[in-house]
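Produce the complete structure using the sequences and hints provided.
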Amino acid sequence: MLVMLLTVVFFFFFFFSLLPKSSSQIIDFTYNGFRPPLTDISLQGIATVTRKGLLKLTNYTEQRTGHAFYTKPIRFKDFPNGTVSSFSTTFVFAIHSEIPILSGHGMAFVVAPNASLPDATPSQYMGLFNLLTNGNDTNHVFAVELDTIRSTEFDDTDDNHAGIDINSLHSEKSSYAGYWDKKGHFKNLTLISRRRMQVWVDYDGHTHQLDVTMAPFRKNKPTKPLVSIVRDLSSVLLQDMFVGFSSSTGSVRSEHYVLGWSFRVKGEAPPLALSKLPKIPRWEPKRIYIIYKTWMPSLSLFLIPLLFISMLILLVRFVIRRRRKFEEELEDWETGFGKHRLKFKDLYYATQGFKEEDLLGSGGFGSVYRGVMPKTKKEIAVKRVSNKSRQGLKEFVSEVVSIGRMSHRNLVPLMGYCRRRDELLLVYDYMPNGSLDKYFYNNPEVTLDWKQRIKVINGVASALFYLHEEWEQVVIHRDVKASNVLLDADHNARLGDFGLARLCSHGSDPQTTRVAGTWGYLSPDHVRTGRATTATDMFAFGVLLLEVACGRRPIQIQNEGGERGLLLDWVFEFWSDGNILDAKDPNLGTECDQREVEMILKLGLLCSHSNPQARPSMRQVLNYLSGDAVLPDLSPLEFRGLGIHRGIGELDMFTCGSSIVDSILSGGR
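Letter by letter, the sequence shown follows residues -24 to -1, 1 to 645 of mature numbering (1 follows the signal peptide of the UniProt record, and there is no 0).
You can take every hint at face value.
30 Å max Cα-Cα, derived DSBU-like pairs, lysine-lysine:
1. K158 <-> K255
2. K319 <-> K331
3. K252 <-> K197
4. K48 <-> K28
None of these hints come from the bench; they were simulated from the model.
Structure representation (structure tokens):
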């Protein structure tokens, strides 16, 4: 039994002796100066050791790096997958710059997987990383940076800070360089002041708290750290790592010195013997700084007035260009129009300078832009109409203002106008659901059911009745069509462009017949005489009824030869054959009111009668729609001449302006 016990004890001590000795070792070193020869410090780049014992990381060479590492690996973990042990370091440094008010680019205490950083670049990368490696988790680099240049790409807050870096120069946390005194007041420190300063870095392996503390040379370590975070470094540091310093220069040449350094794992770093540290060399101002100090006061007496005059000239140019940019035309006869006259500057800002992204559509007389008025936040649509001729301009503007006074639930409200150079700007309420035609053509994603279509038809009829009979003067629309019917947020129909078709005759020869309107909606009498009447509006309304019920364009290709045909003729053929319901839109299905659809199709034919005397008035149309009157039977004999294939040929004989604007809001077809 005793023999077995002794055997167990022997194997226990034998196994224990095989465990890594570093698991219980405290690793530390101290350098109170770096006097050559140094066997435990490796130098790379432009780093050197002076005869007086200063570790000089950089010199006055531009765009270079300097590294100094302790040559022996430090065991930070007892096991490869273990946690990082506590460690502590302190060092004294100083930074000299060729130009006292500038520097480049700072220095850092580094813990890295090897004793060299061959791929690291100078300047803002501080000799730690490069453009490709910065931010990679595979770097396994921990650093405390003393940064003297603000690098916006790394989100630096200033050009004089200390920060904690983990695998990246985007600091985990940073603070303006300084320290907290015994009274709790923060004192600033300037890293490039050429003064000696001391830094302490402490990591607690149990709580994972990492503290960075600074103080002027010969000051005791402050009780409150400058930067502090809680971060487990076990995923960052490997089992064995190397410790040292890294620095770099940029376009401003600088010298970075380390005067003394101590380090310890599993304990606090040994204190430095400050009295034994080497002295930094006396700084001698460079010629460029002497010139700066000598001539700058005299030069400023000349530069400041010159700068002021230059700024004044730029300001005057800016004001003049701004006035020209927002210059408007305002004549004496416009003063009476008051609130209907809007400022171009407001319209410019509302549409963000009439940029392409806000363009809703273009037509024969201009383009339409969406906007938001700056003060009221009201959504608007701005139509820019070319107006190079001044003949009849006063009359037209008077009509615009008169139209602006109209108020009807089924008209697009005209807010006002603005004149500038060779264009007229008309401002309307914005209709968010666009124009009616987009719900029928080009494979729309959303279409209208029959109830919505009847609602639209009643809305347009009510608007035309208001224009023809209820307003103080008879207003002929001249361009009733699907793309001029806009839908508001509740899908209520709003008729737009009312009365504006008369613009095409301003400035033209009064003896010249010029037809205003759109193909497919023009009545034969309008084409022949060139005169618009309430009856020509009625003809176009009838075509619109057929368009809404059939879901087809007013002019369509009938065969492979490209022959054009009128929707009116097409519906008329179905009516002649006694099956008019076959002309309705297939998308309506069978759930719609068949008698109501038939009534709308017949009403469309009646309103589009070739004889203007046979067309009903808008008052009669409203009675038919409301059921207060019965639609009369259509006589085949009376309608024998209804089909007007010849109308297309007649239209080709006239030089007609394109549609006034395809749509106020959506650009139309």
